[in-house]
Amino acid sequence: MCETCQNAEHNKNVSRKARPVRVESPWEVLGLDIHGPFPETSQSNTHVLLVTDYFTKWVEAAPLQKKDPLSVAKALATIFYRFGASKNIYTTQSWDFCEEVSRHLCERWNISQVLTPADPADSLDDPSAEVLRSSICNVVNEKASEWDAHLDPVLFHFRTSVNSATKYSPFFLMFNRYVCLSSEVTAGPRGVWQEVSHWFRSNIRICSLQVDFVKDSKEQGAGSGKANGLPRFTATVQEQQN
1 MCETCQNAEH NKNVSRKARP VRVESPWEVL GLDIHGPFPE TSQSNTHVLL VTDYFTKWVE
61 AAPLQKKDPL SVAKALATIF YRFGASKNIY TTQSWDFCEE VSRHLCERWN ISQVLTPADP
121 ADSLDDPSAE VLRSSICNVV NEKASEWDAH LDPVLFHFRT SVNSATKYSP FFLMFNRYVC
181 LSSEVTAGPR GVWQEVSHWF RSNIRICSLQ VDFVKDSKEQ GAGSGKANGL PRFTATVQEQ
241 QN
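For the sequence shown, the UniProt record's numbering gives the first residue as 1, with consecutive numbering after it.
Since the hints were derived computationally from the structure, they do not count as laboratory data. From a predicted model like this one, the values you see are computed outputs, not experimental measurements. Check each hint, because a few of them may be wrong.
[To be verified] Okay, derived cross-link-like pairs now, EDC-like style, lysine to aspartate or glutamate, Cα gap no bigger than 16 Å in a straight line:
no., residue 1, residue 2
1, K67, D33
2, K67, E28
3, K67, E40
4, K87, E24
5, K66, E100
6, K74, E100
7, K66, E24
8, K74, D33
[To be verified] Here are the computed distance ranges between Cβ atoms for each label pair:
no., residue 1, residue 2, range
9, N138, R108, 32 to 38 Å
10, T116, S161, 25 to 31 Å
11, T160, E130, 30 to 36 Å
12, K87, P153, 26 to 32 Å
13, V179, N141, 26 to 32 Å
14, G84, T116, 14 to 20 Å
All C-beta atoms, glycine included, are put in the ideal place defined by N, C-alpha and C.
With the hints as constraints, model all of the structure from the sequences given.
Next comes the structure, spelled out in structure tokens:
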């Protein structure tokens, strides 16, 4: 076996170790996945773009007619106009694909956004993500010609359900309030943020997330640009060990 083949075989079998990615606030670090192709709908959509917030597990989904950089950039621009851009986005797409998406965002929408390619093993380990993907596939199977019109109910259920890693719903961590399911608003219990902070301080490892509560009054100041009262934690992804 030549040296090149030996190196390739070695790299394929090397072990991987956790690489901490510090996430301090909602919408700071995102994961981007493209799923499909699915049966073409009446709107000519064949793929789904999923954008997941590492901090809250909030998910945005956008049906795509094409799996190309321009279509992805257009969908991201719509999302960013609602929530703002993030510090970084990890995706399984190639460097060329990421650079094209960033170029379209800058030239067409004047949005400066970095996308970073990552191996599938480097993505955030969240079991609930597989549940969401399965739910979308079920919708596709049941509504083959109009699955793109039925994504919102699936997303709503996912966003308002308690996440197994954080023990809170993505909706609550994203907006710091409980979701209203009817015209009658019911207030949540007092001191809920104290409960959230207590959970983060416990440093429990759940679903490859190492939680690390950090007190920093400067970063929680009004001018810091971060959500006040939100704890800092470390999300874990994987990197190759030489």
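Evaluated hints:
Between K67 and D33 the CA atoms are separated by roughly 11 Å; this keeps the pair inside 16 Å, and the hint holds. Distance hint between K67 and E28 is unfulfilled; the C-alpha atoms sit about 25 Å from each other, more than 16 Å. Between the alpha carbons of K67 and E40 the distance comes to roughly 13 Å, so the proposed pair stays at or under 16 Å and holds. Distance hint between K87 and E24 is fulfilled; the C-alpha atoms sit about 11 Å from each other, no more than 16 Å.
Between the alpha carbons of K66 and E100 the distance comes to roughly 14 Å, so the proposed pair stays at or under 16 Å and holds. For the given pair, K74 sits about 12 Å from E100 by alpha-carbon distance, which is consistent with the 16 Å threshold. Distance check on the hinted pair: K66 and E24 sit about 34 Å apart at the alpha-carbon level, beyond 16 Å; violated. Taking the CA atoms of K74 and D33, the gap is about 15 Å. The hint holds against a cut of 16 Å.
As the Cβ distance of N138 to R108 is approximately 34 Å, the hint placing it in 32 to 38 Å holds. A hinted range of 25 to 31 Å for the beta carbons of T116 and S161 is consistent with their spacing of about 29 Å. Between T160 and E130 the beta carbon distance is about 18 Å. The supplied range of 30 to 36 Å is therefore violated. Between K87 and P153 the CB atoms are about 30 Å apart, so this pair conforms to the stated range of 26 to 32 Å.
Take V179 and N141: their Cβ atoms lie about 28 Å apart, and the range 26 to 32 Å holds. Range check, G84 to T116: Cβ separation about 18 Å, and the 14 to 20 Å hint holds.
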